[in-house]
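Colleague: Build out the structure end to end from the sequences listed, making use of the hints.
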Amino acid sequence: MLNGSVIKLSNAVLLLIAVLILNFALIHVAPGDPVEVLVGEMGGATPEQIADLRAHFGLDRPLYIQIATYLGRVVQGDLGYSLYYDQPVTQLIAGRVGPTLLLVGTALLSAILVCTVLGVFSAQKRRSVLSHLVTVLSLAGFSAPAFWVGIMLILLLSVAIPILPISGMSSSDGAASGVMYVLDVLHHLILPALTLALIYLAFYSRLSRASMLEVLESDYVRTARAKGLPRRLVIYKHALRNAVLPVVTFAGLQFGQVISGAVLVETVFAWPGLGTLAFESILRRDTPTLLGILFFSSVMVVAMNLLTDFLVRRIDPRIKAQ
Amino acid sequence: MSDAMHVSGPLAAAPKPVSPSLQAWRMFRQNHAALVGLAILAAIIVISLIGPYVYTVPPREMVWMPLTPPGQSEYILGTDYLGRDLLAGLINGGRVTLLVGFSAACLTVLIGVSVGALAGFFGGWVDNLLMRVTEFFQVLPHLLFAMVVVMLFSPTLLNISAAIGVVSWTSTARLTRAEFQRIREMEYVKAERAIGAGNARLIWRVILPNAAPPLIVVAALSIGTAILFEAGLSFLGLSDPNATSWGRMIGDNRPYILDSSWGVTFPGLCIFLTVLAISLVGDGLNDAFNPKLRQR
Amino acid sequence: MSGKLLSVRNLEIAFRSGGEEIPVVRDLSFDLDHGETLGIVGESGCGKSVTALSLIGLVPNPPGRISKGEILFEGEELVKAGERRLTQVRGNDISMVFQEPMTSLNPVYTIGEQIAETARAHFGLSQSKAWARAVEMLSLVGIPSPDKRAHDYPHQLSGGMRQRVMIAIALVCEPKILIADEPTTALDVTVQAQIFDLFRDLQKKIGAAIILITHDIGVVAQMTDRVLVMYAGRKIEEGPVADFVRDPRHPYTRGLVSCIPRLAMPPDDEPAPLFEIPGVVPAPRELNRPGCAFAPRCASAFGKCRSQDPALHAAGDGRAVACWLETEGNAA
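Residue numbers (the numbering used here), protein chains in the order written: chain A, 2 to 323; chain B, 1479 to 1774; chain C, 12 to 343.
It is worth saying that the hints were derived from the structure and are not from the lab.
Wrong hints could be hidden among the right ones.
What the hints assert, rightly or not - Straight line, CA to CA, 20 Å or less: simulated EDC-like cross-link-like pairs of lysine to aspartate or glutamate:
no.: 1; chain 1: A; residue 1: 126; chain 2: C; residue 2: 94
no.: 2; chain 1: C; residue 1: 79; chain 2: C; residue 2: 42
no.: 3; chain 1: C; residue 1: 215; chain 2: C; residue 2: 236
no.: 4; chain 1: A; residue 1: 9; chain 2: B; residue 2: 1613
no.: 5; chain 1: C; residue 1: 15; chain 2: C; residue 2: 94
no.: 6; chain 1: C; residue 1: 15; chain 2: C; residue 2: 47
no.: 7; chain 1: C; residue 1: 79; chain 2: C; residue 2: 23
no.: 8; chain 1: A; residue 1: 9; chain 2: B; residue 2: 1718
no.: 9; chain 1: C; residue 1: 140; chain 2: C; residue 2: 163
no.: 10; chain 1: C; residue 1: 140; chain 2: C; residue 2: 124
no.: 11; chain 1: A; residue 1: 9; chain 2: A; residue 2: 317
no.: 12; chain 1: A; residue 1: 238; chain 2: C; residue 2: 163
no.: 13; chain 1: A; residue 1: 238; chain 2: C; residue 2: 124
no.: 14; chain 1: C; residue 1: 15; chain 2: C; residue 2: 328
no.: 15; chain 1: A; residue 1: 238; chain 2: C; residue 2: 94
Unchecked claim - Here are some of the chain A residues that sit facing chain B, going by a computed Cβ distance under 10 Å:
no.: 16; residue: 12
no.: 17; residue: 13
no.: 18; residue: 30
no.: 19; residue: 144
no.: 20; residue: 152
no.: 21; residue: 156
no.: 22; residue: 166
no.: 23; residue: 167
no.: 24; residue: 260
no.: 25; residue: 262
no.: 26; residue: 280
Claimed, not checked - Looking from chain C toward chain A, a few residues come up when the C-beta cut is under 10 Å (computed):
no.: 27; residue: 111
no.: 28; residue: 113
no.: 29; residue: 133
no.: 30; residue: 167
no.: 31; residue: 190
Here the structure is a predicted model, which means the values were calculated and not measured.
Built from N, CA and C at the ideal position, the CB exists for glycine as well.
Modeller: See the structure below:
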C-alpha cells in the first residue's frame, strides 16, 4: 500500500516536471525570440523588464541551465510575471482559484449525485422512460458545445424568464455582506454550475448506468438477493459500491476535460476564475499567465488523479493487495 | 440477425460467404437512429461543399441592416451585428468547421494508431515508454494546452487542427494498443510470423486490418470531438482571422445576445446537429461491428 | 400432501425472447420431505438451475417468469407471494449455494460481514452478536482460525474456502431447505469431496433438506436419497436413488448412468465401452414440434415417440418414468 503510494506520487511529480519542460520548450520553439514571445504584443515592456525576463530565463546561458533555472523557480512558487496585470503569475492564480474550485466542485458533485441516482434507477428498469432519458441526455449533452448550452440557458433563464443573473459572481453594487453576500454568490452560481453539470452528466450518466447494469447482473448481487436481504441493501450496499468504481476512475482520468469545460463556461458567464483569466490572457497575449494556468491546471489534474486513486483503494480492497 | 451466420450441420451447403463489411452494413441498415444520423451528416456535407456556389451571398460583407431578426428580410435567418447574412455565414462556416474537424481527426488517428500499434506490438520498454507519453498527454488539460499552442504559433487553420490532433489521440492509442495486444497472440498472427513475415508486414498487413472495426468507430467519433474542440477555441477568440467557423460565429455574436439571440442560436444548432449525427453514426457502427453488445 | 416440506405442482417457467414466450421448464411437479436429499440431474440447459432459482423467486425477470403452477412451502403458496414475503423466506427458510464461488461473493466486503448481515437481516441480531455468529459459522464449515479469517476479503481465499463461506452464508439462519446448484463444479476434485463431506455433516447437525442440482450421476449416487431427472425442461424419471442406479428405466437415464463406468452394470457382465449419448439437448425453441424431446437422440425410439409426447407413468416404489417403452411394451 505504502509502496504503491510512493510510486504514484513520484510518477505524479515526473508528470508535472514534464509539463514544465513542455512549457519551456514551447516558448523556445515558438516563432521569435523567447523574450519577445513572453513580452509579446502585450504592449511594449520597459527595457528593465526585458532584462529581468532575460535574467529570469537565463537566456544567455546553455539550454540545460536554462531549464534547471526555470524548474528551480517554479519549485519556489515563481511562475513568472504578468506584465499586463503587473503581478506575479502565482499571485494572480491564487486570487482566481477559489471561484473555479467553487464552480467545478459544485458542478461535479451535483453531476455525480444526479448520475448515481439516474444510474441506479434507470438500470433497474431497462426499458423505462428514465432509461431512455439517460441515453438521450448523454447523447445530447455530448453533442452540444458547453459554451453554447450556457448561452442558451442565459437566453432562457436570464432573458426570457429573468430569474437568474446573466454573469459575474456577485451583484455589481458590492454592498451586500455576510449572509446576503453568500446568498448573492449562490444565486450567481446556479447557471454556470448547471451548465457545467449538464456537460459532466453527459459524460458520466451513460457510464454509470452501464456499470450499474453490469453489477446488477453479477453473481454476488444474486447471492445478496438469495440471502434474503431487503432490496434497499442489495442496491445501495452490494451493487452501488461496486458500480461506482469505474465512474470514480473515469472521473479522475477525465479531470483535464472537466477543467476544459470550466474554462469555456467561466468565459460565458464571466465567472472570475482561472478560466476567465485564461480567456483574458489570450486577449492580452499574456503568455506567462496562460502558461502558469496550464501548469497549475496540470497540478490540479494530478492531484485529482491521486485523490481518485486513493478513493478507489478505499472502496475496492482487491487493489490494495496488488 | 443475419441468416447467413447460421449454418446448420456440416452437411448443409454453406451459403455464399458474406464479407464482414457487408454484414456490418446489414446490421447498420436496421439501426434507424444511425441512418437518420447518416442522412443529416450527408446533407450537411453536401450543403457545405456546394452551398456556397448555389447561395452566393457573400458571408463576410454587410448586406443589410445589422441585427435584423430572421424572417424580416430577404436574408431569411437574419443578420448579425455587422449586418452580415447569417445563412451565408452558416453555409460557408460549415466548410471551415468540417475541414478542421476532419483534418484534426486524421491527425488524431494517425498519432493514436501509430503509438498504440507500436506499444501493443512490441510491448516491453517500448510499450512502457509510449504509455508514459500517453499518460502525460492524458493528464495535460487539452483545451488549455491547445490554447497555448495556438496563441504562440498564430491561429491558422493548420495550427488549430494540429493543436487539436496533438492532444486528442490518447484514447485512440489506448484502444489500438489493447487491440494489438489481443490480436498479437492469435494463431494466424503466429502462423504469419512462423513463415517469416517481418514486423512491418505483421503490423500493417496482418494485425491492423483485423483491429480496424473499433478503430473506425473511434475515428468517426473523433471528428465530432474535434469539431467541438475547434468551436471552443474559436469561441475563445483563437480562430483563423481569414476563415469563419460556426464556433467563431458564436463567439462573435456572444456580446449581442440580448439584441440577437439568433446570432448564437443557429450556429450552435449547426454544431449540435453535426456532432449528434456523427455520434449516431458512430454508435451505429459500433453496434454493427459488435452485434453482441447491442442489448446494452 | 400437507405434510410435505416443499411441493412443486405443474410448474412452468417461460422466457421471453424475440417477442414470444418460450417455456424452458414445463409441467414440473415434485415433493421434498423434511431432512431428505433430492438430486436433480440433467445436462446443462435442461432447466434445472432455473427451477432452483424459481423456488426462491429469483428467476431473472425480465425476460423470465413463472407462467404456470404453484410452489407450496409448508403449504404456503410462494409463486404469488409478494417480494416482501419472499425476502423473509430467502436465506431464512430456503437458502441457496451457487456454482461459482469465485464470483458469488461481493469483492468489497469482508466474508465475516457477508455472513453477519444475513443473520442481522433475518434475526435482527446486533452487530456484535451477528459477528460472533459469523465466526461460529466459519468454524462450523471448517475454516481454520475463523476469528481472523472473518476479516478477510473474498479475493484472499481459495475457491474451496470461498465455497465454504457460501455454505456458511446459506446455513447461518438454519434454513429448512438448502438448494445447492452445482456447488462443486468449479472446484478441484479433492476439494469437491471435502465439500460433500461438509454437506453431509452439516445436514446431520442442522437437519435441513437438501436439493442438490448436478450433472454428475456419481455425486447423486453418493449424496442423495431420491433422484429427479430432467430433460429439455421436463421431468422424465424419478425414483429412490438405489433403484435408479441399479435399474434406470428411461433410455436417457440409462445413458447417464452408464456414463460412469464403475456404476454401470451391463446384464452380460462384459465391461461395456464408455457410453456416450449422441447429439445435444434441443433448444427450448425447437420443442414445439410433437413427440418426445429425447426421440431424436434415442436409440430405442419408435413411431409413437416422434408423434406423441409420453406422459409420466408410475412404475412402482415411488418411481415414475415418461417413456413410451414403459407403456407400449418392450418394443426395443
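Colleague: Against this structure, judge whether each hint is valid.
Modeller: Taking the hints in turn, this is what the structure says about them:
1. A/126 / C/94: holds, 16 Å
2. C/79 / C/42: Holds, at about 17 Å.
3. C/215 / C/236: holds, 14 Å
4. A/9 / B/1613: Distance of about 13 Å is within 20 Å: holds.
5. C/15 / C/94: violated, 23 Å
6. C/15 / C/47: holds, 11 Å
7. C/79 / C/23: This hinted pair holds, its Cα atoms lying about 5 Å apart.
8. A/9 / B/1718: violated, 41 Å
9. C/140 / C/163: Between residue 140 of chain C and residue 163 of chain C the Cα gap is close to 19 Å, so the pair holds against 20 Å.
10. C/140 / C/124: It holds: about 12 Å lies between the C-alpha atoms, which stays within 20 Å.
11. A/9 / A/317: Satisfied, since the Cα-Cα distance of roughly 17 Å is no more than 20 Å.
12. A/238 / C/163: It holds: about 18 Å lies between the C-alpha atoms, which stays within 20 Å.
13. A/238 / C/124: With a Cα-Cα distance of about 12 Å, the restraint between residue 238 of chain A and residue 124 of chain C holds, given a limit of 20 Å.
14. C/15 / C/328: Distance ~18 Å between residue 15 of chain C and residue 328 of chain C Cα, so the pair holds.
15. A/238 / C/94: holds, 19 Å
16. 12: OK, holds: residue 12 of chain A within 10 Å of chain B, min 8 Å.
17. 13: Residue 13 of chain A check passes; min Cβ-Cβ to chain B is 9 Å, inside 10 Å.
18. 30: holds, 8 Å
19. 144: holds, 4 Å
20. 152: holds, 5 Å
21. 156: Hint holds; residue 156 of chain A Cβ to chain B Cβ min 5 Å, cut 10 Å.
22. 166: Not OK, violated: residue 166 of chain A not within 10 Å of chain B, min 14 Å.
23. 167: holds, 9 Å
24. 260: It holds, given that the least Cβ distance between residue 260 of chain A and chain B is near 5 Å, below 10 Å.
25. 262: holds, 8 Å
26. 280: holds, 6 Å
27. 111: With a minimum Cβ separation of about 5 Å from chain A (threshold 10 Å), the hint on residue 111 of chain C holds.
28. 113: holds, 9 Å
29. 133: This interface hint holds because 6 Å falls under the 10 Å limit.
30. 167: holds, 7 Å
31. 190: holds, 9 Å
Checked against the numbered hints above, the structure violates hints 5, 8 and 22; every other hint is satisfied.
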